[in-house]
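Residue numbers (the working numbering), protein chains in the order written: chain A, 1 to 326; chain B, 1001 to 1312.
Since the hints were derived computationally from the structure, they do not count as laboratory data.
Do not rely on the hints blindly, as some may be mistaken.
[Claimed, not checked] Straight-line C-alpha distance at most 25 Å; calculated SDA-like pairs for lysine to any residue:
id, chain 1, residue 1, chain 2, residue 2
1, A, K79, B, G1221
2, B, K1126, A, M197
3, A, K36, B, R1219
4, A, K36, A, P62
5, B, K1126, A, I190
6, B, K1126, A, K91
7, A, K91, A, V18
8, B, K1126, A, V59
9, A, K79, B, I1304
10, A, K91, B, V1223
11, B, K1126, A, V18
12, A, K36, A, Q155
13, A, K79, B, E1220
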Amino acid sequence: MSDRLLDIRDLSVEFGPVARPLRVVDRVSFSIDAGKTLGIVGESGSGKSMTALSVLRLVPEPPARISGQILFDGRDLLKVPRRNMPAIRGKDIGMIFQEPMASLNPLMSIGDQIAEAIMLHESMSADRRRERVLDLLRLVGLPDPEGRLGAYPDQFSGGMRQRVMAAIAMACNPRLLIADEPTTALDVTIQAQVLEMMLDIRRRFNSAILLITHDLGVVAEVCERVVVMYAGKVVEDADVGSLFANALHPYTQGLLRSVPSLTDTRKRLYQIPGSVPPARTIKAGCPFRPRCPARMDRCAVEMPPLVPYAPGHRAACWAVSKEMAE
Amino acid sequence: MARYLLLRLLDLVPTVFLVLTLVFIAMRILPGDPALAALGANADGGQLEAFRERMGLNDPLWLQYVHFLWDAVRLDFGNSLMSNIPISTLIANNLPHTVYLTIVSVALGLFIGIPLGLYAATQRNKLPDNALRIYSLIGYSVPDFYLGAILLIVFSLNLGWFPINGAGEGFWDGLHHIFLPALSLALLKSAFLGRLTRTSLLEVLGRDYVRTARAKGAREGRVIFRHGLRNAMLPLSTGIGISILATLSGAVAIELVFNRPGIGRLLISAIQERDYPVIQAGVMMFATFVVLVNLLMDIVYIFIDPRIRMKS
Ligand SMILES: Nc1ncnc2c1ncn2[C@@H]1O[C@H](COP(=O)(O)OP(=O)(O)OP(=O)(O)O)[C@@H](O)[C@H]1O
Ligand SMILES: [Mg+2]
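Produce the complete structure using the sequences and hints provided.
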């Protein structure tokens, strides 16, 4: 595993008082190889964004407390002095945010906003920078880039803003691109275009992508590996093929049954009953238990560990471990 | 953009019209007889009647109204009843002092308030933030004329560092004279603008696009000034407009305390002497100020916010 680009080990993010911490990310571990795409899926509130923001150290500390290791190219980002983080952000790691409508500065032209991303890390003449901005806009497939350099975010649709966000994130050819639900706010055709664009970018620059979504359909299209999160915990991780063929965790199975089927649109979508519990102080037992169809007595007492059941396929579930043992 | 400005100017017409009408009505409702006030208690009935006839006070109300509007449009306010000096001369002599005082006070308020607010916002809930909270509490609760009186007593009368009254001659002397009055007016403004800067900036710094700026690799200074303060200028410029207007009204009392020439003092003495045409002109001056400041703010918005520029 020499080309392991990002290796997250036991990452936890806590809020609230130290004595009764609110743990929104709980001992999360996963890794991404260069040139590969890893998807994090999970319902709203499961800690996906917090995990991603921790990588860039963009979770405000305090109030948050972050522990564990985030090894980027072997270097632990959680040990990097805060004042050195700006040199890494945008240069080695680029990020596309969840909300395209609110993530661009309304008072700055989009040309200036992309140019700023370049200017912060590379010195070059204004002319060359302009050329680079135009190249980026072409890369993300924005029509008429020359005519749009001076435009402001308000004149753009959600899809176009998301492309501008992508151009900003890609401005310095980062080795890791984090995309936090880059398509949820967009309609279906634009979604497909934005995903296509990200894959195109990955092909060209051999960057790794960390894609956050709650849409397993998107994962199936673009990812090699998947991490399933629930209430701040990783409950299953696997290669995409393995996960879709043989999901182990009852939560993942529920998510899979709620993916709209392209062949049979008449069937009513399955919904996992209940909802993600609000972040709370750590209690013993599995957080999915109240909604779980396979729950056992043991689930109330002890959180199941994340253990491998097949090569590269892990799950955290007592029911699965019992079944495998039999 | 020129079109937008023109439209904004046209928007002002009904406002100005309304203000003029209100002034007209107010002047007729005001207790007291202008003729009596002008000629004194010793004047006989014939003299009073002649005066009323000359001033058009015997005309039907609608005709008075038309004359009043016509005079106002031509900026012809007539003469002072007391001194018989043309009111336009009185205004020309006093207006610059009030404008100067307002500009210096607001500038001082900005100069003190914005850095305080910036510092407090970056040190949220720490000592500087709490210090600003206390400072603005004092700023809000001490009336400016009271502060003016104290400054006058301490620094002019007792210590003799500053002149006691007047506006001074020339630039440096003028500055020497204006410092204490402007400072009295600036305390409240700096408290208000400091708090406003802090709140607006904190609000903006929590926005998603500020996180985007950080994710690009912008350092804190750049984040705060380029992305934060620039966006916070939108609510702040409204606050500055309010400050200008508040300073104008505060200037009335301060001009009295420091015995400075100005529209405020002119207006107060006109009220004491029941010099109706001067009161009328003074009120109109203040109303015009309000309208102009609003227009100025609209123009400032255009420069700050491209969204307004695009729409026009
Ligand atoms: N400042 C904070 N203080 C306390 N809890 C917080 C704070 N910020 C976020 N949380 C909690 O952290 C949990 C995880 O949030 P996160 O944004 O990572 O979820 P997510 O998986 O990205 O959800 P979504 O799909 O809605 O984006 C949520 O329960 C949220 O309420
Ligand atoms: Mg999220």
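**Request:** Enumerate the violated hints, using their earlier numbering and listing them in ascending order.
**Result:** 2, 3, 4, 5, 6, 7, 9, 12
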